[in-house]
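Participant: What follows is each chain in one-letter form.
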Amino acid sequence: MARFTPHTDDDVREMLDAIGVETLDDLFADVSPKFQGELDLPPALSEYEALRDVDRLAKENDTGLPIFLGAGAYDRIVPSTVGAVISRGEFLTSYTPYQPEISQGTLQSIFEFQSIVSELTGLEVSNASVYDGANAVAEAALMTARLTKRDPRVAVSAGLNPRYREVIETYRVEVVELPFEDGTTDFSEVPDGVSGVFVQSPNFFGVVEDIEAASGAAHAAGALCVAVCDPISLAVLEAPGNLGADVAVGEAQPLGMPLLFGGPYAGYMATDQKSVRQLPGRICGETVDKDGKLAYVLTLRGREQDIRRAKANSNICTNQALTALAATVYTALMGPEGLREVAESSVSKAHYLAERLQASGFRLRYPEAPFLWEFVVELPDVKKANEALLKAGMVGGLDLGDGGMLVAVTEKRTKEELDAFVGVVANGG
Amino acid sequence: MARFTPHTDDDVREMLDAIGVETLDDLFADVSPKFQGELDLPPALSEYEALRDVDRLAKENDTGLPIFLGAGAYDRIVPSTVGAVISRGEFLTSYTPYQPEISQGTLQSIFEFQSIVSELTGLEVSNASVYDGANAVAEAALMTARLTKRDPRVAVSAGLNPRYREVIETYRVEVVELPFEDGTTDFSEVPDGVSGVFVQSPNFFGVVEDIEAASGAAHAAGALCVAVCDPISLAVLEAPGNLGADVAVGEAQPLGMPLLFGGPYAGYMATDQKSVRQLPGRICGETVDKDGKLAYVLTLRGREQDIRRAKANSNICTNQALTALAATVYTALMGPEGLREVAESSVSKAHYLAERLQASGFRLRYPEAPFLWEFVVELPDVKKANEALLKAGMVGGLDLGDGGMLVAVTEKRTKEELDAFVGVVANGG
Amino acid sequence: MVDNLIRTKGREGRRGYTLPKNDVDGTSLEKILPKAALRKEKPRLAEVDEPTVVRHYTNLSRQNWGIDTNFYPLGSCTMKHNPRANEVAANNPGFAGLHPLQPEAQAQGALQVMHELQGFLAEVSGLPAVSLQPLAGAQGELTSILMVKKFFEDSGDHGRTTVLVPSTAHGTNPATASMADFKAKEIGLDEHGCVDVDELRELVDETTAALMITNPNTCGVYERNIKEIAQVLHEAGAFLYMDGANMNANLGRMRPAEAGVDVMHFNLHKTFSTPHGGGGPGCGAIACSETLAPFRPDPAVEKDGETYSFVRPAQSIGRVAGFHGNFGQMLRAWNYIKMHGPDLRDVTDMAVLNANYVRARLGGTYQIPYDELCKHEVVVQPPKGKKALDIAKGLIDHGYHPPTIYFPLVVKEAMLIEPTETESKETLDDFIGAMLELAETTSEELEEAPTHAPTRRLDEARAARQLKARW
Amino acid sequence: MVDNLIRTKGREGRRGYTLPKNDVDGTSLEKILPKAALRKEKPRLAEVDEPTVVRHYTNLSRQNWGIDTNFYPLGSCTMKHNPRANEVAANNPGFAGLHPLQPEAQAQGALQVMHELQGFLAEVSGLPAVSLQPLAGAQGELTSILMVKKFFEDSGDHGRTTVLVPSTAHGTNPATASMADFKAKEIGLDEHGCVDVDELRELVDETTAALMITNPNTCGVYERNIKEIAQVLHEAGAFLYMDGANMNANLGRMRPAEAGVDVMHFNLHKTFSTPHGGGGPGCGAIACSETLAPFRPDPAVEKDGETYSFVRPAQSIGRVAGFHGNFGQMLRAWNYIKMHGPDLRDVTDMAVLNANYVRARLGGTYQIPYDELCKHEVVVQPPKGKKALDIAKGLIDHGYHPPTIYFPLVVKEAMLIEPTETESKETLDDFIGAMLELAETTSEELEEAPTHAPTRRLDEARAARQLKARW
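Protein chains in written order, with UniProt numbering: chain A, 1 to 429; chain B, 1 to 429; chain C, 1 to 471; chain D, 1 to 471.
None of these hints come from the bench; they were simulated from the model.
Quick caveat: nothing in here was measured; it's all calculated off a predicted structure.
You can trust all of the hints, since none of them are fake.
The list that follows gives simulated cross-link-like pairs (lysine-lysine, BS3-like), each with its CA atoms no further than 30 Å apart:
# : chain 1 : residue 1 : chain 2 : residue 2
1 : B       : Lys274    : D       : Lys40
2 : A       : Lys391    : A       : Lys415
3 : D       : Lys384    : B       : Lys290
4 : B       : Lys274    : D       : Lys183
Using the sequences provided together with the hints, build the complete structure.
Facilitator: Below, the structure is given as structure tokens:
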């Protein structure tokens with residue numbers, strides 16, 4: 001018998017009797033074609049044995065080392081409190097808050113998440129999270145088409161994370177490419193008829209882009225400007241909403257989510273009030289109950305697939321409530337000053353590393369471009385360098401395949417680790 | 001400023017004003033002698049740095065290996081659910097349930113723990129846990145003196161865990177020694193005037209003792225019989241209460257507590273109804289509230305130090321509520337059949353190992369004595385064997401210092417591990 | 001009216017977390033960037049201490065019900081027990097600390113988990129190829145339909161413009177079809193609540209790309225003609241997609257491939273016990289035939305000798321996620337399946353037993369629109385004159401999370417009850433008792449419910465009318 | 001009247017956990033033991049499934065308040081925030097999986113933690129020697145007094161029969177003295193609520209072994225004559241023991257050694273934030289002078305070069321625990337102290353600030369028997385005609401855990417309020433508001449309280465009269 005079913009033989013007997021059938025097989029009389037065999041799966045393990053396997057396979061991964069990989073997922077500090085809160089059974093084992101009377105915990109936390117996103121982006125409304133950063137970007141592309149009533153066709157540069165671009169394309173949105181030179185995008189010539197212009201800042205190569213230029217160009221072309229921002233950067237950089245962006249999206253992973261080989265993370269999306277009806281996904285709003293008590297509820301449901309079906313903005317229904325909660329708790333712990341400190345410490349350390357590398361004779365690919373905590377360094381053999389780094393107990397940067405290594409430095413890295421990195425690379429690693 | 005204090009400078013100022021003093025120093029005007037310096041402690045670390053140190057030191061311990069050590073603490077399976085339940089903030093961060101209206105969670109769990117102990121021991125009442133097995137033994141020794149109105153003087157044999165005996169002696173109880181031969185205690189001659197006779201079963205060397213003989217002898221001498229039992233063994237062995245024991249005590253660690261280098265664990269104590277007023281520590285009882293609703297409360301408080309002060313049964317106040325809860329959850333998950341299976345699997349594996357060792361030419365110290373999951377094997381060089389075992393990735397048994405190794409085998413050990421143990425030892429390890 | 005938001009609990013200058021001191025003398029932002037690029041006003045975020053954070057969110061959680069606290073028979077959501085062993089697995093630092101872009105050689109343990117899980121899902125579905133990448137059930141649907149789309153595009157068959165969707169379908173199905181640039185066309189039901197095969201034969205033609213079927217359907221009824229349906233589609237060159245939301249009714253009893261299904265999605269957070277987390281994250285892995293396998297998202301995991309690697313399927317639709325998918329949920333589902341092995345069939349058996357027991361006991365008092373064998377869930381209607389909404393809110397006062405209501409749309413005042421296999425007969429008996437009692441409760445009384453919940457009924461219209469979605 | 005015990009939720013044959021299959025063919029119990037030794041009736045334990053266990057204990061927890069849910073100003077208990085970082089530390093498998101009898105060479109990490117913690121406690125107390133072994137505060141007291149006892153016994157000074165205990169002392173103090181075979185003799189207070197030095201001079205003689213002092217005392221008042229007290233005792237050849245329950249008022253502001261204390265205990269679960277867990281486990285580490293160091297329990301940890309080892313102090317009183325003490329609590333306290341370093345003084349400063357703020361704001365409405373500077377806690381008395389018990393229960397309805405009541409015994413209707421340093425001014429203001437409101441509430445109304453808690457007031461007499469302490 002399976003592990004988590006309470007049924008004793010007597011239970012089964014009594015229930016079959018109440019139903020009026022003889023055997024469990026009878027409950028499947030209407031099933032055709034029936035599967036008659038036994039599933040060819042490994043024999044059932046006890047919890048203890050299964051978790052021993054988890055331990056064994058975990059050791060097959062290289063973890064616990066200083067990580068210099070970024071490119072969309074960052075090795076940042078996750079406070080212990082985050083895990084403690086999100087593992088509370090009431091958060092962990094509840095469903096989408098369709099019954100608000102017994103779901104105020106989830107609902108208020110979503111409301112707080114939306115508020116944080118609005119504050120960071122400088123835009124008026126936010127939804128209750130989308131799957132991840134890449135999907136937030138793709139949903140934003142579709143949203144620009146709905147809002148401009150144009151075909152989904154967006155202008156992006158090489159500065160947009162290529163994985164985000166791939167998801168845009170999967171979502172059947174046409175992509176036209178903007179020129180990208182010396183680490184930044186040239187927005188001077190936005191092609192006609194595009195529904196949206198994307199600007200990622202800091203961009204894939206870590207460089208801060210000119211959102212104001214992007215939004216100016218987009219608006220001149222009758223298109224919308226979508227800014228793609230690392231939420232940590234918004235603690236120190238001007239909010240995209242204040243720079244003319246119509247939509248801001250991004251990946252919330254840096255806000256308290258472990259790397260976990262790529263997920264679950266959470267996307268975020270924000271826009272201005274007048275565009276709210278074109279936002280996909282859930283929105284949580286404030287209201288009152290019968291006694292006048294303040295409470296929260298999912299609202300503007302008319303946009304959603306369960307009401308509008310084929311005419312919905314998106315098929316998104318399940319959201320990332322638990323990871324959004326992680327971001328909410330993380331942000332509460334950090335506060336505006338903590339977020340700023342995370343950003344500043346990362347900037348300081350990344351620039352220290354870049355300087356040390358330059359002092360050791362390596363060239364930055366974009367030496368003039370202003371970067372935050374990620375940069376491209378040119379190395380004679382990136383693959384070899386990464387192998388040497390691993391041997392020295394470090395996970396190197398992303399091999400761009402063209403002689404460049406995209407290096408990310410977070411607040412977690414110590415001077416000792418940065419110096420060791422330089423040492424390995426300088427010794428021909 | 002310390003890590004967990006919310007006070008801003010403004011808060012401090014406003015509060016000092018309300019108090020009517022100028023500075024924080026003024027709050028300590030009455031303190032003499034004042035400590036004027038700075039505490040010579042290492043500089044404050046952030047949470048992240050402190051936990052990195054924890055990781056670093058954890059690696060200095062040899063863990064994650066098959067363990068053949070027992071001698072009072074056992075490497076048993078702890079279901080994941082146990083940790084999840086006891087880490088709930090409401091259990092973790094509450095105090096002794098002095099305010100029953102808002103402490104029914106802790107109170108009912110204590111009531112359930114008492115019930116489990118009563119069921120396993122076959123005795124009528126149990127307290128809400130004492131510090132650990134050793135202290136339960138020592139408290140029982142004192143209890144026999146109060147109940148018999150004799151001086152605290154108890155008869156024990158070498159079969160009693162020597163650490164338990166040491167704690168008895170620390171508690172200023174006189175110990176007289178019973179003969180111990182071929183692995184069991186000879187109860188035929190209990191010295192006059194002792195207040196208690198102790199029988200540990202299975203005893204320190206793993207052998208099942210004759211509790212009935214012990215209680216018969218104790219009662220004949222006007223003393224009380226205290227049985228010391230591993231709670232897992234009580235799933236398969238006759239309850240001490242049914243064999244004449246007046247008090248049963250022991251270590252609850254095998255019921256779902258991690259080894260954690262020796263603690264926190266939890267002791268248990270049970271006795272018959274007529275002796276309840278001589279039990280030390282907390283007792284939780286059933287009652288009703290003002291509306292007639294069933295509820296639980298700490299009761300018979302008149303025995304305790306906060307009421308009786310110098311005349312209390314013991315100075316015990318803080319109990320082991322959280323570890324008792326672990327035992328309660330563990331026992332609920334296992335049920336009587338699960339406990340039996342733990343016991344039977346351990347017995348089966350221990351005997352397999354003992355047979356393989358004998359087949360390899362090693363002698364058991366007590367070849368005729370019936371043991372459960374722990375036994376003494378004679379080896380040419382125990383120290384060398386343990387070193388070889390560690391080298392082979394195993395933690396060997398307890399070196400008794402006289403050519404004997406006390407080997408414990410739990411349900412966690414696999415055939416592969418047992419065979420590997422024999423292999424190392426047989427190869428002159 | 002005061003709110004209780006975290007922001008109200010702070011004061012300027014409070015900090016909830018201490019970071020390590022920056023131990024290098026790198027540069028500052030002012031030196032890197034022009035002033036215009038820098039933030040001028042600090043975001044109005046909470047400034048609170050750690051104790052306040054813990055207390056705030058602990059108390060928020062206590063406003064919630066979950067499977068851990070209450071019976072939660074929410075139809076079509078499979079609110080089964082979430083084993084804590086899965087959480088232990090997902091928190092293992094050897095996985096939690098793994099960066100998604102670490103070279104494959106550094107992540108062999110993670111790749112093995114994914115490869116094994118692919119195999120498990122292939123075995124359960126009977127379909128040979130799997131992608132774990134979709135991040136939720138709805139995205140699994142979309143991935144499946146995009147694969148169908150690309151199949152026809154790559155075949156040069158540009159006339160396949162329609163996807164058929166039964167009237168019982170989840171709202172995501174038609175929305176998915178639209179997102180993939182198909183026209184969704186609704187198809188009706190026969191007297192059993194199943195897809196009407198005769199209507200199907202009429203509707204299917206050379207413009208049909210696929211039918212999206214849910215089996216058992218959202219009335220909890222097994223689509224008994226599924227094999228015939230598949231034949232009709234296949235003869236017309238179209239595909240049968242199966243919405244696997246209800247796979248908890250099929251494990252070891254029915255394999256979609258054998259019924260003719262070409263592509264399907266799983267909800268790991270339903271069938272395989274990964275926690276719902278208040279609405280996510282999930283994982284919407286898909287399985288498909290050899291024909292559709294080349295169209296799977298990038299990447300899939302392959303094994304060569306003892307080495308695991310990522311590969312891009314030849315005609316891949318591309319990526320649907322930034323990285324490899326919700327790996328944490330894969331790890332949980334993998335662990336769950338390993339704890340069951342072939343006993344997965346018992347999961348389905350007990351889920352179906354529980355649902356039929358509820359059906360048998362509620363029948364007579366509640367109306368059962370399709371009163372024959374149901375599978376893992378059952379749709380019922382309140383006694384005449386009673387509203388599903390009122391019964392639902394009444395259940396809250398009895399300590400039960402309400403079933404799904406007003407869905408499926410084809411049943412008036414529908415209440416879709418899915419007990420799942422992890423609930424005991426006693427729990428069902430108590431729930432049934434409450435349902436029967438509510439059937440006798442006056443509508444006036446019911447309209448007041450809930451009275452014992454953290455809030456009473458909400459003014460939902462106000463939330464939309466006076467939208468306030470941030471502090 | 002039905003109970004809700006776990007046993008009522010089971011049915012014979014249910015199982016909540018699956019064990020690995022036994023993979024050896026060892027023997028069976030029947031072959032080893034005579035039938036009489038084997039259990040005849042299976043214990044009447046719950047037979048339940050895992051989902052039921054999770055739901056049962058989750059819901060039980062929700063009947064509890066903790067620091068995580070409510071302000072908990074329980075005097076003399078130091079209910080400060082329990083950082084989750086400590087829990088992460090204690091759950092590290094590199095410690096959790098360590099057997100206490102593994103040879104020292106296999107446990108160097110654990111021994112280093114213990115050695116460093118010994119050093120930290122020595123620094124905080126100013127006393128050179130530490131034992132971490134006592135398992136709770138009460139056992140720390142007993143250990144200290146047993147050390148005093150053995151000192152005199154080993155010195156051949158058998159006339160030391162008395163231990164002096166102030167009337168304000170915790171009940172554990174006189175109980176401890178008795179357990180160590182001393183006669184406890186009470187000593188009175190001066191007008192500040194402090195030990196009466198004149199009376200002390202009269203009482204102390206060659207039969208005096210020690211005075212047990214709590215500083216600040218249980219009225220929250222600093223024992224301003226402590227140095228003189230120590231001198232009086234030392235001149236008579238007796239020791240000064242300090243109950244360290246209130247060390248949260250002293251960190252970095254006062255070191256017991258400098259006041260003449262010879263031996264003291266700490267409550268790691270009070271001062272150093274290890275969780276109280278509903279009443280334990282704790283850790284009652286002790287610190288002492290060089291004179292008493294040889295009497296410490298076995299073992300202490302020493303460092304020789306880079307190697308840590310256990311040693312038995314030369315004249316040790318023996319063991320007070322089965323193994324080395326509650327190592328998990330040591331790990332937490334060590335982690336906590338490392339996160340503070342010399343900033344520990346801020347902990348004390350804010351704790352004392354909070355308590356004095358409450359004192360200042362409640363004064364006037366509540367009576368403050370010793371209305372001068374208090375330390376980390378303050379004792380107040382309700383307005384005339386009101387009972388401490390009623391105010392306490394009224395606080396529950398306001399969402400506050402009551403303070404300690406009817407203790408210290410020397411103050412009638414005492415309410416001992418200890419806010420701790422981890423509470424914000426806003427929380428204190430709200431609590432003070434509730435206290436002031438309750439002062440105005442009629443006694444009739446108060447007697448009904450609590451009405452918003454999981455239960456109303458209990459019939460405590462019935463529990464004792466009709467003792468039922470098991471299912």
